[in-house]
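Novice: Next come the chains, spelled out residue by residue.
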Amino acid sequence: MADPMRVRAAENGGIVDVKILMKHDMESGQRKDAAGKTIPAWFISSINVKANGKDVLNGQFGPAVSKDPFLNFKYKGAKGDKIVVSWVDSKGDKRTDEATAS
Amino acid sequence: MQRKFTLGLVSGLLATMLSISSSTYAQKSATDEIAKYREMIADGNPSELYEAAGEELWKKPAGPKNATLEKCDLGLGAGVVKGAAAQLPRYFKDTNKVQDLESRLMTCMQVLQGRDPQEMIDAPFQKGPKKDMEAIVAYVVTLSKGDKIKVSTNHPKEKEMYELGKRAFFFQGGPMDFSCASCHAEDGKRIRLQDLPNITTQKGAALGWGYWPAYRVSSGQFWTMQQRLNDCFRQQRFPFPIYGSDLTLALSMYMSKNANGGTVETPGLKR
Amino acid sequence: MNMKNVKSLLAIGSFTLVAIAMQGSAIAQQANDPKFNKMIKDGFKADGIAGLDRIDQDATQKFCSDPIFSSSKQGEKMREKIQKINMDSIKQPSDGKYIGDWKRGEAIAQSGRGATWTDKADTPIGGGCYNCHQIDPKEISHGNIGPSLTGYGKMRGNSQDVVTYTWNRINNSKAYNACSNMPRFAHFKLLTEQQIQDVMALLLDPASPVNQ
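Residue numbers (the numbering used here), protein chains in the order written: chain A, 566 to 667; chain B, 142 to 412; chain C, 4 to 215.
Some hints here could point you the wrong way.
Chain C stretches covered by chain B per the calculated footprint, using a threshold of three residues with CB under 8 Å from any CB of chain B [what the hints assert, rightly or not]:
hint, region
1, 44-58
2, 77-86
3, 105-113
4, 130-139
5, 142-149
6, 162-170
No wet-lab data here; the hints were simulated from the structure.
Idealized CB from N, CA, C, for every residue including glycine.
Isolated chain A, as found in the complex (with noise of 0.2 Å):
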């Protein structure tokens, strides 16, 4: 499995404020080394976030998003909401990831 991600969940009034940092190189495949060759693009293609086994959010990201992309969104839920979340990149490689809301 690729490097851990940090999830945060904090709870206010209904409304589940979520926080995602990803460890990730996202490379678009523009760039090219210092010898001149194309870097071959890598990047997170997809995400998914459950919470409590129902689906609050899926993205399809792409080669536009940035080094180790930090993802901030919220949803209508409660304290102790088991989040999970996945994302699968351009190689093929997952990362899963849980957290509790609090």
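Based on the hints, put chains B and C in the right spot on chain A.
Specialist: Same frame as chain A, now just chains B and C:
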């Protein structure tokens, strides 16, 4: 007489204010906007990813001795990480020298884990064993975040390093005659649109020393203080500073002592 | 005690008093420090085009590494000497041409590349002028370590005096100010004659954006 004078003063002031050129205004708003952007991205500092990896490495057995770093003494006792970075560099009795965080970690890796410091010294930044070092540094400095910078020069070797560092700060060399002081010894200066802290003063030193190590957004990398110093020397057109050399330790001693009383804001987030 | 002893005692006494009095107000160059020299020498290794010769200081660098002495009253004589050494080393253009192409000059002023250990020997070196100076007022990304050069030619005209002064200043700023922060562009072969002619045009050509 009084009224005429006041009127003159007011109109003089007004004239000055109006004559501030449009490009100066553009500058101020450009640097203000950059500051606003930094505030917005302050949440979600990728340094946290390095910190998490560093915590794991601290507790993971490694090296020929297959030991963890959990007994490492960073100055506050074996295994005490909380608050240690805020008091570095300092004199260590066991090595009989003043050490910064990275050289002290190299000592611990050598003594506790049997790892060869030369491998760490020779490795390029961001690669091989230095990747471990960057993560561990992120972990250690996070546990001093919010503390006051409190570096001592009580020990004669600490005092000596401070004075050597001060002299090195003003040492001019290379084909551009640059020293650290060329950029960092005056208030209110900037290179392009990058503000330059005046490291000879407490306020400026705290802005520099208190915010590195940091995640550098422009390179997508976490830079330790040794890497920051290294790249300064590169821009000064100097030869390559040796990792953990006394030169780098002396400069760190100079900057950190000047910064005393400031707050540890590391790991920082930089452009 | 006979008179001879008293006289010598008085002489020693007064000499000591004068010496002590002088210490209070005398600022001298900082002493050579073998420990410091060793720390510098052992602190660096050569890398790429950046060799260890770069930490061998010349007279100007040595003098200016001591900010207290170099800006003191006692340092005035030395300052003048340093300025003269630098002035004497300046060469006027070999083809007699002072003004080149301002468009190329702007590109040179914008580029901060070259001469670092990650650069190659044939990497074109830029002037890095915008790092420290405002030049074309349309460019807002400029530093303030040096004075603004906007309107440079417009304000000064282009008499031979102004042209020569400007040429000299770019070639070797320390001819006029011993411890100027500005690199000595010709002295260390950072910019070629052609490049300096182009930067001259940026500052002095009436058609340059600097002088609109």
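Novice: Going through the earlier hints one by one, which of them does the structure break, listed in rising order?
Specialist: The structure breaks hints 2, 3, 6; every other hint is satisfied.
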